[in-house]
Amino acid sequence: MANESKSKFMIIGGLVLLVVIAIFFLTKDKDKSGGSKKDGMMSSTKDPTKSSDSDFRDGTRKSADGNEDGPITEDGVTPEYLLDEYLEWAQYPPYSRPLSNYNYDLTEPFFVQESPLVMVDKPEDKEGNGYKCHLQPKEWAAIGLNSEMFITLECRDKDNQVIPVKVDEARVFREFDGQRFSSVKPDYNDDGRDGDEVSKDNIITFKWRGMKVDWGQMMLEADIEYGDKKKSTVKASFFSSPGKPAEIGNVFREVIQDGSLVVYATVQVYTPGKYHIEANLKESQEGNYISYAVFDGSLKAGTQEVELIFFGKILKDKGYDGPYILTDVRGHRVNLPIDPDWFNQGEEGLKKIQAAKSTEPDKELVTPFREEYKTKNYNLSQFSNQVYSSQDKENRIRELQALAKKE
Numbered sequence: 001m002a003n004e005s006k007s008k009f010m011i012i013g014g015l016v017l018l019v020v021i022a023i024f025f026l027t028k029d030k031d032k033s034g035g036s037k038k039d040g041m042m043s044s045t046k047d048p049t050k051s052s053d054s055d056f057r058d059g060t061r062k063s064a065d066g067n068e069d070g071p072i073t074e075d076g077v078t079p080e081y082l083l084d085e086y087l088e089w090a091q092y093p094p095y096s097r098p099l100s101n102y103n104y105d106l107t108e109p110f111f112v113q114e115s116p117l118v119m120v121d122k123p124e125d126k127e128g129n130g131y132k133c134h135l136q137p138k139e140w141a142a143i144g145l146n147s148e149m150f151i152t153l154e155c156r157d158k159d160n161q162v163i164p165v166k167v168d169e170a171r172v173f174r175e176f177d178g179q180r181f182s183s184v185k186p187d188y189n190d191d192g193r194d195g196d197e198v199s200k201d202n203i204i205t206f207k208w209r210g211m212k213v214d215w216g217q218m219m220l221e222a223d224i225e226y227g228d229k230k231k232s233t234v235k236a237s238f239f240s241s242p243g244k245p246a247e248i249g250n251v252f253r254e255v256i257q258d259g260s261l262v263v264y265a266t267v268q269v270y271t272p273g274k275y276h277i278e279a280n281l282k283e284s285q286e287g288n289y290i291s292y293a294v295f296d297g298s299l300k301a302g303t304q305e306v307e308l309i310f311f312g313k314i315l316k317d318k319g320y321d322g323p324y325i326l327t328d329v330r331g332h333r334v335n336l337p338i339d340p341d342w343f344n345q346g347e348e349g350l351k352k353i354q355a356a357k358s359t360e361p362d363k364e365l366v367t368p369f370r371e372e373y374k375t376k377n378y379n380l381s382q383f384s385n386q387v388y389s390s391q392d393k394e395n396r397i398r399e400l401q402a403l404a405k406k407e
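First residue of the sequence shown? That's 1 in the working numbering, and the numbers climb one at a time after it.
Treat the hints as calculated values from the structure; they're not laboratory data.
Bear in mind the structure is a predicted one, so any value in this text is a computation, not a measurement.
One or more hints might be untrue.
Claimed, not checked - The following label-pair restraints were derived from C-beta to C-beta distances:
| id | residue 1 | residue 2 | range |
| --- | --- | --- | --- |
| 1 | V198 | G287 | 26 to 32 Å |
| 2 | K126 | M211 | 38 to 44 Å |
| 3 | D168 | E372 | 50 to 56 Å |
Stated by the list, open to error - The calculated lysine-lysine pairs, modelled on DSS-like cross-linking and capped at a C-alpha distance of 27 Å, are:
| id | residue 1 | residue 2 |
| --- | --- | --- |
| 4 | K300 | K212 |
| 5 | K212 | K166 |
| 6 | K38 | K318 |
| 7 | K132 | K207 |
| 8 | K38 | K316 |
| 9 | K158 | K200 |
| 10 | K207 | K231 |
| 11 | K374 | K318 |
| 12 | K126 | K185 |
| 13 | K231 | K122 |
| 14 | K352 | K300 |
| 15 | K132 | K229 |
| 16 | K158 | K122 |
| 17 | K166 | K229 |
| 18 | K316 | K46 |
Note that beta-carbon positions come from the ideal geometry of N, C-alpha and C, so glycine has one too.
Based on the provided sequences and hints, a complete structural model is requested.
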């Protein structure tokens with residue numbers, strides 16, 4: 001019995017580790033959302049009272065005993081405060097969250113704004129030399145084998161004027177498991193062609209198209225000369241997913257179910273597996289964002305529907321009648337190296353989990369639906385004003401109440 005208990009404990013520990021790995025890898029590589037911290041907390045699918053990453057006040061949440069999920073935090077937050085925060089967040093389910101125009105990471109899911117680089121003459125210099133250079137991918141990822149990545153480069157002087165830049169050499173590569181893999185070299189020009197918008201405006205445009213092997217986080221590296229013959233190397237990263245595990249179709253249907261708006265999106269799946277799909281919803285008059293929905297589940301090969309639930313209380317609280325606009329339906333196939341069935345295989349399964357090693361990137365992007373689907377007309381009275389309820393929510397409330405009683 002002792003060995004059996006130990007085995008179960010180790011399996012549970014492995015499951016916790018898997019969850020941590022999944023959260024780390026599957027969270028989109030975009031954390032530059034704008035807006036208030038409140039907007040960030042409410043749009044998050046994660047319980048804001050549990051982990052340090054989801055504390056939107058100052059980025060830290062440590063208890064007096066050093067644990068991340070403790071009763072008293074470094075910034076003096078009390079259990080009563082945590083309980084109030086959780087109750088506000090948990091009005092809505094994790095799979096359907098409110099969305100505002102300030103949640104740029106979600107409302108602009110295909111773009112990440114990069115900050116200009118403060119240039120220095122020597123790596124050890126603590127102050128800049130008066131110049132800034134900016135490498136900006138036009139999209140955060142190249143999706144599909146025929147997709148092209150465009151990245152612009154511009155440098156500015158201390159008066160914020162765009163100055164000429166010379167590219168001595170440019171290369172693209174990916175790093176995986178401690179190794180560097182070279183890719184095809186990018187083309188670049190300032191001639192108003194191949195993606196360059198304006199000829200001779202001192203803004204250089206790089207164009208890159210990957211091959212099948214170019215799957216994962218990529219890096220563009222350029223050796224440049226700028227200003228008074230100053231030289232430097234600038235870098236920009238982006239994601240490349242040349243395969244086609246699935247694509248979102250342009251066929252949708254909608255129903256009201258349990259007081260919520262449910263939109264079924266058609267997906268053509270070529271590679272079966274676990275999938276994560278997201279979609280945004282906005283009102284049709286001025287384009288204000290209302291909500292986004294998340295689907296997580298297994299999909300088999302072939303054409304099928306995924307369920308996107310826009311929770312009724314979110315629609316009520318936002319206060320917009322329909323029709324609504326569904327847009328930016330995107331997602332990825334989960335590509336973690338661990339099979340969930342291993343957790344049911346006792347010690348043998350545990351050995352497999354411990355030996356598992358990633359040989360491929362953690363996700364493969366789905367071809368998204370970037371256009372808009374307009375729903376039917378709806379009146380707010382058709383949606384429920386009931387807060388979300390679940391056993392997990394009740395358990396968490398009891399935990400926080402117990403912490404409050406210890407004070």
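Subject >> Pair hint outcome, K212 versus K166 [Cα-Cα no greater than 27 Å] >> reply: Violated: K212 and K166 sit about 31 Å apart, past 27 Å.
Original post:
Regarding the pair K207 and K231, is the alpha-carbon distance no greater than 27 Å?
Top reply: This hinted pair holds, its Cα atoms lying about 22 Å apart.
Original post:
Does 50 to 56 Å hold as the CB distance between D168 and E372, or does it fail?
Top reply: 44 Å, violated
Subject >> Distance restraint between K132 and K207, which requires alpha-carbon spacing of 27 Å or less >> reply: Answer holds: K132 to K207 is near 22 Å, not above 27 Å.
**OP:** Verify the proposed pairing of K126 with K185, using a straight-line Cα cut of 27 Å.
**Re:** 32 Å, violated
Original post:
Given the hint that K231 pairs with K122, does the C-alpha gap stay at or below 27 Å?
Top reply: At roughly 10 Å apart (the allowed maximum being 27 Å), K122 and K231 satisfy the hint.
Subject >> K316 paired with K46 [C-alpha distance capped at 27 Å] >> reply: At roughly 22 Å apart (the allowed maximum being 27 Å), K46 and K316 satisfy the hint.
Original post:
Does K122 lie within 27 Å of K158 when you go C-alpha to C-alpha?
Top reply: Roughly 18 Å between the alpha carbons, so the hint for K158 and K122 holds.
Original post:
Are the Cα positions of K38 and K318 separated by 27 Å at most?
Top reply: 15 Å, holds
Original post:
Given the hinted pair K158 and K200, is their alpha-carbon gap at most 27 Å?
Top reply: Between K158 and K200 the Cα gap is close to 21 Å, so the pair holds against 27 Å.
**OP:** For the pair we were handed, K374 and K318, check the Cα-Cα distance against 27 Å.
**Re:** 18 Å, holds
**OP:** With a cut-off of 27 Å on the C-alpha distance, tell me whether K166 and K229 pass.
**Re:** 10 Å, holds
Hints 3, 5 and 12 from the list above are not met by this structure, while the remaining hints are.
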